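Student: Listed below are the residues making up each chain.
4 protein chains.
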Amino acid sequence: MIRFLTAGESHGKALTIIVDGFPSNLKITKDYIDSHLRRRQAGYGRGLRMKIESDAVEILSGVRFGKTLGSPLSFLIRNNDWENWIERMDHETKTKNVEKISIPRPGHADLTGISKFNLDDIRNSIERSSARETAARVAAGSVARRFLEEFGISVGSYVESLGGIYPENDFTLDLFDNNLNKKFNAWSLSLEADKSDVRVIDKYQETKIINKIKKAKKLGDTLGGSFIAVATGVPVGLGSFTQYDLKLNAEIAHSIMSINAVKGVEIGSG
Amino acid sequence: MIRFLTAGESHGKALTIIVDGFPSNLKITKDYIDSHLRRRQAGYGRGLRMKIESDAVEILSGVRFGKTLGSPLSFLIRNNDWENWIERMDHETKTKNVEKISIPRPGHADLTGISKFNLDDIRNSIERSSARETAARVAAGSVARRFLEEFGISVGSYVESLGGIYPENDFTLDLFDNNLNKKFNAWSLSLEADKSDVRVIDKYQETKIINKIKKAKKLGDTLGGSFIAVATGVPVGLGSFTQYDLKLNAEIAHSIMSINAVKGVEIGSG
Amino acid sequence: MIRFLTAGESHGKALTIIVDGFPSNLKITKDYIDSHLRRRQAGYGRGLRMKIESDAVEILSGVRFGKTLGSPLSFLIRNNDWENWIERMDHETKTKNVEKISIPRPGHADLTGISKFNLDDIRNSIERSSARETAARVAAGSVARRFLEEFGISVGSYVESLGGIYPENDFTLDLFDNNLNKKFNAWSLSLEADKSDVRVIDKYQETKIINKIKKAKKLGDTLGGSFIAVATGVPVGLGSFTQYDLKLNAEIAHSIMSINAVKGVEIGSG
Amino acid sequence: MIRFLTAGESHGKALTIIVDGFPSNLKITKDYIDSHLRRRQAGYGRGLRMKIESDAVEILSGVRFGKTLGSPLSFLIRNNDWENWIERMDHETKTKNVEKISIPRPGHADLTGISKFNLDDIRNSIERSSARETAARVAAGSVARRFLEEFGISVGSYVESLGGIYPENDFTLDLFDNNLNKKFNAWSLSLEADKSDVRVIDKYQETKIINKIKKAKKLGDTLGGSFIAVATGVPVGLGSFTQYDLKLNAEIAHSIMSINAVKGVEIGSG
Numbered sequence: 000m001i002r003f004l005t006a007g008e009s010h011g012k013a014l015t016i017i018v019d020g021f022p023s024n025l026k027i028t029k030d031y032i033d034s035h036l037r038r039r040q041a042g043y044g045r046g047l048r049m050k051i052e053s054d055a056v057e058i059l060s061g062v063r064f065g066k067t068l069g070s071p072l073s074f075l076i077r078n079n080d081w082e083n084w085i086e087r088m089d090h091e092t093k094t095k096n097v098e099k100i101s102i103p104r105p106g107h108a109d110l111t112g113i114s115k116f117n118l119d120d121i122r123n124s125i126e127r128s129s130a131r132e133t134a135a136r137v138a139a140g141s142v143a144r145r146f147l148e149e150f151g152i153s154v155g156s157y158v159e160s161l162g163g164i165y166p167e168n169d170f171t172l173d174l175f176d177n178n179l180n181k182k183f184n185a186w187s188l189s190l191e192a193d194k195s196d197v198r199v200i201d202k203y204q205e206t207k208i209i210n211k212i213k214k215a216k217k218l219g220d221t222l223g224g225s226f227i228a229v230a231t232g233v234p235v236g237l238g239s240f241t242q243y244d245l246k247l248n249a250e251i252a253h254s255i256m257s258i259n260a261v262k263g264v265e266i267g268s269g
Numbered sequence: 000m001i002r003f004l005t006a007g008e009s010h011g012k013a014l015t016i017i018v019d020g021f022p023s024n025l026k027i028t029k030d031y032i033d034s035h036l037r038r039r040q041a042g043y044g045r046g047l048r049m050k051i052e053s054d055a056v057e058i059l060s061g062v063r064f065g066k067t068l069g070s071p072l073s074f075l076i077r078n079n080d081w082e083n084w085i086e087r088m089d090h091e092t093k094t095k096n097v098e099k100i101s102i103p104r105p106g107h108a109d110l111t112g113i114s115k116f117n118l119d120d121i122r123n124s125i126e127r128s129s130a131r132e133t134a135a136r137v138a139a140g141s142v143a144r145r146f147l148e149e150f151g152i153s154v155g156s157y158v159e160s161l162g163g164i165y166p167e168n169d170f171t172l173d174l175f176d177n178n179l180n181k182k183f184n185a186w187s188l189s190l191e192a193d194k195s196d197v198r199v200i201d202k203y204q205e206t207k208i209i210n211k212i213k214k215a216k217k218l219g220d221t222l223g224g225s226f227i228a229v230a231t232g233v234p235v236g237l238g239s240f241t242q243y244d245l246k247l248n249a250e251i252a253h254s255i256m257s258i259n260a261v262k263g264v265e266i267g268s269g
Numbered sequence: 000m001i002r003f004l005t006a007g008e009s010h011g012k013a014l015t016i017i018v019d020g021f022p023s024n025l026k027i028t029k030d031y032i033d034s035h036l037r038r039r040q041a042g043y044g045r046g047l048r049m050k051i052e053s054d055a056v057e058i059l060s061g062v063r064f065g066k067t068l069g070s071p072l073s074f075l076i077r078n079n080d081w082e083n084w085i086e087r088m089d090h091e092t093k094t095k096n097v098e099k100i101s102i103p104r105p106g107h108a109d110l111t112g113i114s115k116f117n118l119d120d121i122r123n124s125i126e127r128s129s130a131r132e133t134a135a136r137v138a139a140g141s142v143a144r145r146f147l148e149e150f151g152i153s154v155g156s157y158v159e160s161l162g163g164i165y166p167e168n169d170f171t172l173d174l175f176d177n178n179l180n181k182k183f184n185a186w187s188l189s190l191e192a193d194k195s196d197v198r199v200i201d202k203y204q205e206t207k208i209i210n211k212i213k214k215a216k217k218l219g220d221t222l223g224g225s226f227i228a229v230a231t232g233v234p235v236g237l238g239s240f241t242q243y244d245l246k247l248n249a250e251i252a253h254s255i256m257s258i259n260a261v262k263g264v265e266i267g268s269g
Numbered sequence: 000m001i002r003f004l005t006a007g008e009s010h011g012k013a014l015t016i017i018v019d020g021f022p023s024n025l026k027i028t029k030d031y032i033d034s035h036l037r038r039r040q041a042g043y044g045r046g047l048r049m050k051i052e053s054d055a056v057e058i059l060s061g062v063r064f065g066k067t068l069g070s071p072l073s074f075l076i077r078n079n080d081w082e083n084w085i086e087r088m089d090h091e092t093k094t095k096n097v098e099k100i101s102i103p104r105p106g107h108a109d110l111t112g113i114s115k116f117n118l119d120d121i122r123n124s125i126e127r128s129s130a131r132e133t134a135a136r137v138a139a140g141s142v143a144r145r146f147l148e149e150f151g152i153s154v155g156s157y158v159e160s161l162g163g164i165y166p167e168n169d170f171t172l173d174l175f176d177n178n179l180n181k182k183f184n185a186w187s188l189s190l191e192a193d194k195s196d197v198r199v200i201d202k203y204q205e206t207k208i209i210n211k212i213k214k215a216k217k218l219g220d221t222l223g224g225s226f227i228a229v230a231t232g233v234p235v236g237l238g239s240f241t242q243y244d245l246k247l248n249a250e251i252a253h254s255i256m257s258i259n260a261v262k263g264v265e266i267g268s269g
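Protein chains in written order, with the numbering used here: chain A, 0 to 269; chain B, 0 to 269; chain C, 0 to 269; chain D, 0 to 269.
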């Protein structure tokens, strides 16, 4: 049974990740994990924070001489800006002049968080509800990705639409049609998408999207979008129809929907 | 912790349901559960099977004198057509002339099932992958519904679209706008939808949908659709942002996506 | 992942068992399960209830033509005395003259049960806390036993001591010493023990124990004891030291200690 | 739901602990946790390693200004001797002259570990199977202890016997008899035991035990023993008899038996 827990506040000392249940003798390196953390930080219009972060894992356990031991893996992703946050986030001493955040933002977990946890400072809530936690998941997920590679299973993704702007053609279908008899590897979709600042495959679409982002930014607005995730090499019979909580579609929906800001999941053509 | 397991083949002797973790002293009756099973069986174009079924639970445990005991509830939903299936579904003796199903249907779990479980008769797979299992879930779910009623929490649903035919107006938004200061109960949506053979609220939409179903039927085709589920009376702070697997959206997506034939879930405006 | 739930009151209509997660194509019969239920009911000084019971399963799902389907198995063990209990245990209607039990027994879950579940009749608690539930576990466990047989894994047990009376020699050690190079099967211990009314291997010990039981009975007292469970054919590497909740010893201790009346577990020489 | 995972090799960089599910606004400090880590390291005949360790947690998340946030807590317990182990335990680079351990010790998980995980160096197994992991559990457990204090629940323990040497009187029973009407706090047992190098309450017993340890040491042998754990202030109704896996006795047995070297658990008078 594979399982993981993450911990860590957005501006805390570090994110902590424990990943449990992977087999021994799986080759994995800090470089491999870091390369996926870097992919998370790329992209058009990324804020200053992303640049300060330049996330990297510190492997604390579970790996020796480049291979897993069967014991749980643990990682830290340090907050590179911690120096500037110690006073505000200290685990023990409260500096007198630390200001509290008191105005909840709409569309965030702010109000829910302070109500649920009976907190008097919205910072106590947003530090964990922040999407920064997804860095921890990328680290955990990259172990899973490494494991799946051993079986020839590959997962790739790209942005399908942003601000309502879709590509001219359905790139995925084309790819599949053209590669039905070749060994198409879903990861190639990610490699292609990574070349674009907004992770689309269609260059014409990219220009239109960036223009729309610029306009939205001026208006102090943001844009929604959608992404496609594809897996190749998947064997028949993953998941099960025998009990409601074993259905693969349901598990996938759970994982994807647990990502901050994701509000919809469709399988196949939905 | 509330949990449940279901068991039972589509044409087996009975569906079995064990529901564990509900508190004691909750009032619940066979009539209440059966009324929800009947709602599942209503609707335009329901086949012969649905009529034979006329599902009803037999309460086996967990309830005494109309109230839960705190111990697990268990139910049977008997197959009313069992007499005609004994030979084909006997748990022990194989009658020589029982025919095997050997042609897997597209879009079903047939091929996956016999591959995964190494079966030589597709019946062995479809008997459990069948949507008949959802009757067991309705029984389990009606205990949850009864429990939520005690807290003034109500869940209702209706069909939003079928075959691409949407209502003229967004009924839900209207309802919310008109009821913001009144006590709007989501269950009233279900009551309204139950009046329609295709569970839509808009009468004009209903006519168009039924016509489209008739056409599809002639062509041996089926139609997809979408439904809206609404919950009212929900307290602030259900679920949690503190760990990926506690997110309420993710849990909801998991549950909904585990229903046979559901291929997409959206939260809010998606 | 193998899991199971049981349900059912001691004098209710039936015990219900759902066993989930066993693979397909495992041969299993009602006779096999019933033979283990009968072993549970044997023994010296068994009360009238045991005789009325003569437990047998009704297989409701998960098995077809003598083999598992991969789908969950479900069983009923009917209460053969249900006729005489309908009025007192009806799930809906309360007959006026049903007497409540109001005096909690020491050493039982009576007081705890009615406090925990806020019940006004001790019967509502004892019906589930009763050791009758172990019949459901024997049914579930016999599926596991059948499964393990396929791998040559065998589990057997016998009574080591009763009322402080131990055998003259350590039977198990002898058996192991004498069989180190032969194929010793732990099940043979059970077969041997089943010949004795008090499930001991040593005949001399048996006589002493039965005499002690008779004396205790006269005084309205009961006797404690201990039993040895042995598994043979177990492969190296079950369980894991990598995380506290995966330790095999811990899992075994959990399972054994969850049996009513068991108050101690030792592994190896303890 | 409270849960935790630990990670870390015995001579790795650090032990990592994530504790999830505790409520917000619980007061907890590094000092509190460290005081329990120190108690783990005390005792007669503790080796050099224990002295090098002088374990202390580094709080990484979940606590701000002395109170929990509701988000997961994470801790590191650094290996103070890491400098001397980097080469042998590096997660990436294998120094040529790192010696492999090839002789498995009896009574340890050595052989099992390398078989289960297909390892070619016993070090890869013993680094996780080592009892050093219990330091991580003490850190996790001290959060639970802090939480229980808020409800007046207290847990204490002492060594009952070592090398077969028991106290003259049953200290616990005396304590209970003398304190039945007073507020007896189980923690006072630990305070009393902590005064003894071998954690016994009876001074006469202590002398005899230390003499026996000295003799065993000369012979290159070790001694087994037993300890008593007592909880006071526990409310009625923890755990449940409604399902096998909810029984409090079973949960306790699981936790205790998961501690390295524990081979038996008894509840009450066993």
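Honestly, the hints are just simulated from the structure, not real lab data.
One thing to keep in mind: the hints can contain errors.
Just so you have them, the derived chain B footprint on chain A, three or more residues with Cβ under 8 Å [what the hints assert, rightly or not]:
{"no.": "1", "region": "14-25"}
{"no.": "2", "region": "62-73"}
{"no.": "3", "region": "237-246"}
Pairs of lysine to aspartate or glutamate, DMTMM-like flavour, derived with a Cα cap of 25 Å [as the list claims (entries may be wrong)]:
{"no.": "4", "chain 1": "A", "residue 1": "Lys262", "chain 2": "B", "residue 2": "Glu149"}
{"no.": "5", "chain 1": "D", "residue 1": "Lys66", "chain 2": "A", "residue 2": "Glu98"}
{"no.": "6", "chain 1": "A", "residue 1": "Lys93", "chain 2": "D", "residue 2": "Asp30"}
{"no.": "7", "chain 1": "B", "residue 1": "Lys29", "chain 2": "C", "residue 2": "Glu57"}
As the structure is a prediction and not an experimental result, all values here were calculated from the model.
Heads up, the beta-carbon is just placed ideally off N, CA and C, and yes, glycines get one too.
Student: All hints, please: hold or fail.
Tutor: Hints versus structure:
| no. | hint | in the structure |
| --- | --- | --- |
| 1 | 14-25 | violated (count 0) |
| 2 | 62-73 | violated (count 0) |
| 3 | 237-246 | holds (count 7) |
| 4 | A/Lys262 to B/Glu149 | 29 Å, violated |
| 5 | D/Lys66 to A/Glu98 | 17 Å, holds |
| 6 | A/Lys93 to D/Asp30 | 16 Å, holds |
| 7 | B/Lys29 to C/Glu57 | 23 Å, holds |
Comparing the model with each numbered hint stated earlier shows that hints 1, 2 and 4 do not hold.
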